[in-house]
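In order, the protein sequences belong to chains G and W.
No gaps in the numbering here: position 160 of the first sequence is 159 in numbering that gives the first Met the number 0, and each next residue is one more.
No gaps in the numbering here: position 86 of the second sequence is 85 in numbering that gives the first Met the number 0, and each next residue is one more.
Keep in mind the hints are simulated off the structure, nothing from the lab.
Bear in mind the structure is a predicted one, so any value in this text is a computation, not a measurement.
By construction, the Cβ of each residue, glycine as well, lies at the ideal position given by its N, Cα and C atoms.
One or more of the hints may lead you astray.
The calculated SDA-like cross-link candidates involving lysine to any residue, where the alpha carbons are at most 25 Å apart (straight line), are [claimed, not checked]:
#1 G/K151 x W/G40
#2 G/K151 x W/D224
#3 W/K8 x W/C21
#4 W/K58 x W/D224
#5 W/K8 x W/R79
#6 G/K207 x W/G40
#7 W/K73 x G/L162
#8 G/K206 x G/F107
#9 G/K151 x W/G241
#10 G/K206 x W/R113
#11 W/K73 x G/L135
Label-pair restraints from in silico Cβ distances [to be verified]:
#12 G/V126 x W/N1: 53 to 63 Å
#13 G/Y140 x W/E238: 46 to 56 Å
#14 W/T137 x G/V133: 48 to 58 Å
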Amino acid sequence: MQNAILATLLGGIACGIIGVFVVLMHMPFIGVCMSHAAFAGALLGIWLGFNPLIGAFAMSLIAAAIIGPLADRGELNPDTSIGIIFSIMLGTAFLFLGIMPLTKSGAFEFLWGNILTTTRTDILLLVVVTSLVVGLVVLFYKEVQVTAFSRKMAAAVGVPATLTLYAILFMTGATVTVTLNPIGGLLIFSLILNPAAAAYQLTYSMKKMFFLSTIFGVLSGWTGLLFSYLFNAPSGALIVLTSSVIFLVAAAFSLKRKVRHMP
Amino acid sequence: MNKPVIEIKDAVVSYREDVALCGVSITVYSGEFVGVIGPNGAGKTTLLTVVNGLGKLVKGNVRVLGHDISSVDKNSLRKRIGYVSQADDIDPRMPMSVRDVVMAGRYGRLGLLRRPGKHDSGVVDEMLGVVGMAHLATRPIGHLSGGEQQRVAIARCLAQEPELLLLDEPTASLDWRAKTDILELVKRIHDTRHLTTLFVTHDLSSLPAACSRVLLMKNGLIRADGPPGEVLTDENLSELYGVTIMEVRKRREAAAF
């Protein structure tokens, strides 16, 4: 249980921060894409007998490395690139599932997740990735702020916008990989999207948005874990449902509800 | 003699099968205010992106602020060039204030791992005052009108303390009042700061009166280059826009009110 609490703390922080980029840069589908890439990589690891997390990390980085240039070249908008990579990764994952000869029950754990079986290794990886994600935002806040607002403007003022975008994509891949075991590939995108979407409703300050998103991410994790313990129900699902409720409450009380397009 | 700030020789830029610039040569000197006008697809925006390194040069030679564009670190060069593009549709819920956007103009100069300090805040306040937006500094950027957003974009450029100002259709999609406000602001900035300025527009009525030199562009080439009085003749405009001279005269009379 101690590991589960730590995992939801660290996962909530990392997902909360990454979620801000996902919302502001209009890439809501990236979590789904990366999680299926990570899932495909984990399957490859199980099949070929090496650490599935290495496979998961490698495949999510490959997905990030493809999404970036596709979006950069401007022929496709980022969401279209993400959709294409998602379908490739989904197809690859199910291909591996279909042809791998061993029992598949271990593979499906990466889809559903199981926070109560979080190991010390999982915690260590979460510490490393969460520190990197927090470090990226704290040390390079002005670069990530302007890139999230407008890549075109960031490039125009001399900020390394492309490098910043790729760093964000790689951090997204790393976050998805380390939360695959605790939260699960099917649900992780909700934990990335919902806390940030909730924070977006409540503030016009990007700093406050990062802060709120992190709090909502951790709150979703701990509250979901508590309900899972009380009602003996799947923890991943309850974490995600809690994050959805937080979003709905934030949307209901949003100070941006009446704001549409300004004249 | 003023020194050259932009030297372009036989520049060719293409986007796959489309050739956007077909061998353009031009020199712009320090302090000049150059208007670039032409129909859509003439290569006007491409000309600006070649100058600030955002465009990809296929052939030719470009020197900006004394540096060869093909060998210089383009991020470093862009820190010295202010670039304002056409007003974007900004989500009114975007968590960026007017002050945040203007401060972003300082980020390139600051470099990595450095945070804005008192001096940077002072520059931002000064530029907000120059463009008349100080009273809206804490307003979310998405809550501003198109004209106000373009004022903020100009303040952001000025906050960079640029040596060169590139304005790409800054008055497009603005109403008459906002358009004239921006043109007046740009003229005032040029008069007080003597910044080398390139102003691109497809709309003759949006060409600033402050332009001392006008380039007419069509199909990726410069068709005329000189003082406005010599270049903006009925014959040249007729050839540029593909209408008869009679039609040009009729439309110029109708536009003058």
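Earlier hints that do not hold, by number:
When the structure is compared with the hints, numbers 2, 6, 8, 9 and 14 turn out to be violated.
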